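Residue numbers (the working numbering), protein chains in the order written: chain A, 1 to 135; chain B, 1001 to 1674.
In short, the hints are calculated from the structure, not lab data.
Predicted, not measured: the structure shown is a model, and the values here were computed from it.
There may be inaccurate statements among the hints.
What the hints assert, rightly or not - Taking beta-carbon pairs under 7 angstroms as the criterion, some of the chain B residues facing chain A (in silico):
hint, residue
1, 1289
2, 1503
3, 1600
To be verified - Computed footprint of chain A on chain B; a stretch qualifies when at least three of its residues, placed anywhere within it, have a C-beta under 8 angstroms from a C-beta of chain A:
hint, segment
4, 1352–1366
5, 1380–1389
6, 1489–1498
Just so it is clear, CB atoms sit at the ideal spot from N, CA and C, and this is done for glycine as well.
Chain by chain, the residues run as shown.
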Amino acid sequence: MSRKGIVLFEGLALMLVVLSVTAIFLPMWDDVLNPEKKEPKTIVIRAQVKEAGGFEPSVIKVKKGEKVRIVVEGMDVTHGFTIKSLGVDLGEIKPGEKKAFEFVADKEGVYVFKCTIMCSPMHNFMKGVIIVEGE
Amino acid sequence: MSSKILVIISAILLAFLLGIPVNAHVVSEKEWLNDPHDHGDAKIVFVKAYQFGFAIKAIQDGSKIIVYPEGSEPSVLEVEEGDRIVFRVISGDVTHGFYIDGYTPTAVGDNRIVIEPGKIVEVGPITFNKPGKIKLRCSVTCGPLHPFMVSDIIVKPNIFFYILMASTFTIAGLTLLYTSRAPENRMLGVSLDKDLDLLKVRVIGPILKRFLQWRGAHFTLILPNLLIFMVVLAAGFFGNPTGNKNFSIAVVWILWFAAVEFLILFGSRTWCTICPLPAFGEWIARRRIYSVHNPRKWTSLGKKWPKSLNNMWVSALSFLGISLIVPWLVTRPVVTGLLFALLIAIPLFTHIIFDPQRNFCRSICPANGYIGYHSNASIFAVRSRDKSVCDKHRPKECIRGSPTGYGCPWKIYPGGHNENTYCGQCYECLRSCPLDNMTLKLRMIGQDLAKIAAKAKNKFDEAWMGFIRFTLAVFYELVFFGPYFWIKDWGNMGIIYGANLATIGLLTPSLEGLNNWFKWALIVAGVALVGYPAVFYGFSWLAKKLAGENGISTRQLFLSFSYALVPYGLFLWLAFAFSLILVNWAYPITAFSDPLGWGWNIFGTKFEWNPISPEVLPYLQAPLLLIGLALAINTTYNIARELLNDHAKAFRATLVMGILHTMAGLVFVWIVAG
Ligand code: SF4
Ligand SMILES: [Cu+2]
Ligand SMILES: [Cu+2]
Chain A
1 MSRKGIVLFE GLALMLVVLS VTAIFLPMWD DVLNPEKKEP KTIVIRAQVK
51 EAGGFEPSVI KVKKGEKVRI VVEGMDVTHG FTIKSLGVDL GEIKPGEKKA
101 FEFVADKEGV YVFKCTIMCS PMHNFMKGVI IVEGE
Chain B
1001 MSSKILVIIS AILLAFLLGI PVNAHVVSEK EWLNDPHDHG DAKIVFVKAY
1051 QFGFAIKAIQ DGSKIIVYPE GSEPSVLEVE EGDRIVFRVI SGDVTHGFYI
1101 DGYTPTAVGD NRIVIEPGKI VEVGPITFNK PGKIKLRCSV TCGPLHPFMV
1151 SDIIVKPNIF FYILMASTFT IAGLTLLYTS RAPENRMLGV SLDKDLDLLK
1201 VRVIGPILKR FLQWRGAHFT LILPNLLIFM VVLAAGFFGN PTGNKNFSIA
1251 VVWILWFAAV EFLILFGSRT WCTICPLPAF GEWIARRRIY SVHNPRKWTS
1301 LGKKWPKSLN NMWVSALSFL GISLIVPWLV TRPVVTGLLF ALLIAIPLFT
1351 HIIFDPQRNF CRSICPANGY IGYHSNASIF AVRSRDKSVC DKHRPKECIR
1401 GSPTGYGCPW KIYPGGHNEN TYCGQCYECL RSCPLDNMTL KLRMIGQDLA
1451 KIAAKAKNKF DEAWMGFIRF TLAVFYELVF FGPYFWIKDW GNMGIIYGAN
1501 LATIGLLTPS LEGLNNWFKW ALIVAGVALV GYPAVFYGFS WLAKKLAGEN
1551 GISTRQLFLS FSYALVPYGL FLWLAFAFSL ILVNWAYPIT AFSDPLGWGW
1601 NIFGTKFEWN PISPEVLPYL QAPLLLIGLA LAINTTYNIA RELLNDHAKA
1651 FRATLVMGIL HTMAGLVFVW IVAG
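Please put together the full structure from these sequences, using the hints given.
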């Protein structure tokens, strides 16, 4: 093979290799690849046992008057989701399942959400808050 | 403003610190066992689902109720054909599912039977009208070991089990009868001398040849796997901590693990052709990905590879080592991620420090040992067309390399070899040979086995590889699909959490967990390294006595006869692979669309777990086992014939070893069907 040919082929191959290696950055593509996040103003809450982090994120801030859609996604075992003060109860959320609700944050304050289904020894601590802030 | 932030912070603190019970409803034992409904003539079985098993707590027949005390619950539920059973199920911890092979509806969507904590779920009445052994499985992901949450139900009379036992004896007897008629150089009736030159087959041959001789072939085949490998790393470290939702587990330990066994049977070491693990090391050392580069200009310190490593001991023992942590490895993404990171780092070093050949592959890789070992039972092989041409051809490009191809990176003499063990099928010899003497061959299973076995002097490494693989097939079947929770739990160190990199701390075992793990490791390693080899040695000694052979040592018979486990072990693993893929096919397919288990659906291939006719699984596994048994006996005969040079002696030795192989077969039959 000529020198030029070698450089060409090696370069091409190297490029392909580098390209596949970038697959290691896959986790950064959540915003693009997650079908839920394509919609405007959607917040995805991932539910896993408290020992592994509980609800993620567990502190959510929204502006007063904003309309948001919240998707709760089950990760490891079956969980539940409720916000008593808003009258929201999504029932059981199995791993791989997603349940969503929408709400308009018309009142400033802190809304606590909890898991409703026994999911691990630390289940009772599986909580989070939605904070509605004024301007 | 600042006071407002304070209010918020205190509110958050309050919410997190106070663990006010949200759902404290727990079913009391009394409430559960006190069954108010009328079920007619049906029996009531009280089942408690827990992470990760089903405990039969009580059985009620009419007004009679047997309550099993804690710790003595039966692992297996036995019912009579025609029994009507109502299951009253509760959960002892988190939400589970309930699925009985062939009896409950498909486990998809709302059809799924869900066992939520705090509720009593009644399933049935189910009329068990098909005799045989079936499995009770969990159908809702309930943690890392969820796929292993299975239990056995035996519908008596278990006719199929008796039939299977009888078939085992029959097949063994028939094979022995066949060998008693002195079939020379034949395997189950097929001549071992015949083979097919794949590259001379019309249409396919030339295409295959052009492709494999193309310098980019190897690279092209590795590339997609490199990509997959990177996704495995990403998912293993950052993806969903629950194994079956994670690409690294679903693709490696379900898809790959099963597929590789079939690859061995049909393609020998084809996996090693496309394996990305040593690729970085090889490319960096050669400073080329695509073209051939003069070995004198490679980047490598070129230290000599230690002679003591020129065997498969490390490979065999690392496979055993991996198996000892298999309940973690195949359920915790981070463990798989770490293993794979290690498996890509080591060959990088070996290529740069030592002579840059496939030393890692030849001696260290945990897959190498068993793939190489079993590939001698493959129907596929890379061979020279005419060995005498190779012998006379002095330049030996297949060893030294040529401008068109590297000298064999696996350090063998491709033109002269007749065993698959260390042929990594990179096809460099197809490219370097100027005489077009190298080709691919299709042949009968075990063509070279008898010769390899007869020549095996001091190859204890390969013998023990055989024992490790053979006994582990049984343990894998037990851990993955067996009803005995304690085995799984000991291997799992009692941990209920999954883990990725961020939550790796959850895998810290308790002292009791460690203690149990040691017991499990001792049992598994003991059987694989000492128990079965000892039995095998005993039988070899008997075989020698019965054959009346004095010219050959028991040791040699033992070593040589161990090669009967090459086809036998492979077929047991094929049987295992079958159940792995037919039960869990949905996980890997889904993982391609959602590699991190984050709810993506890139290719639209999301499927719910739904086993394909799991009730017929034993019927699919049994033939594989029986083929393996027949092959083992015939192989033993061929080996004995090669060693002892006498039909009568060989047959008597085969008879003795045949009894051992039949007994081993019965153990497997008992596990899958008994
Ligand atoms: S021996 Fe191991 S690392 Fe080498 S190619 Fe085969 S599987 Fe890959
Ligand atoms: Cu929860
Ligand atoms: Cu379960």
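Okay, which hints does this one fail, numbers in order? 4, 5
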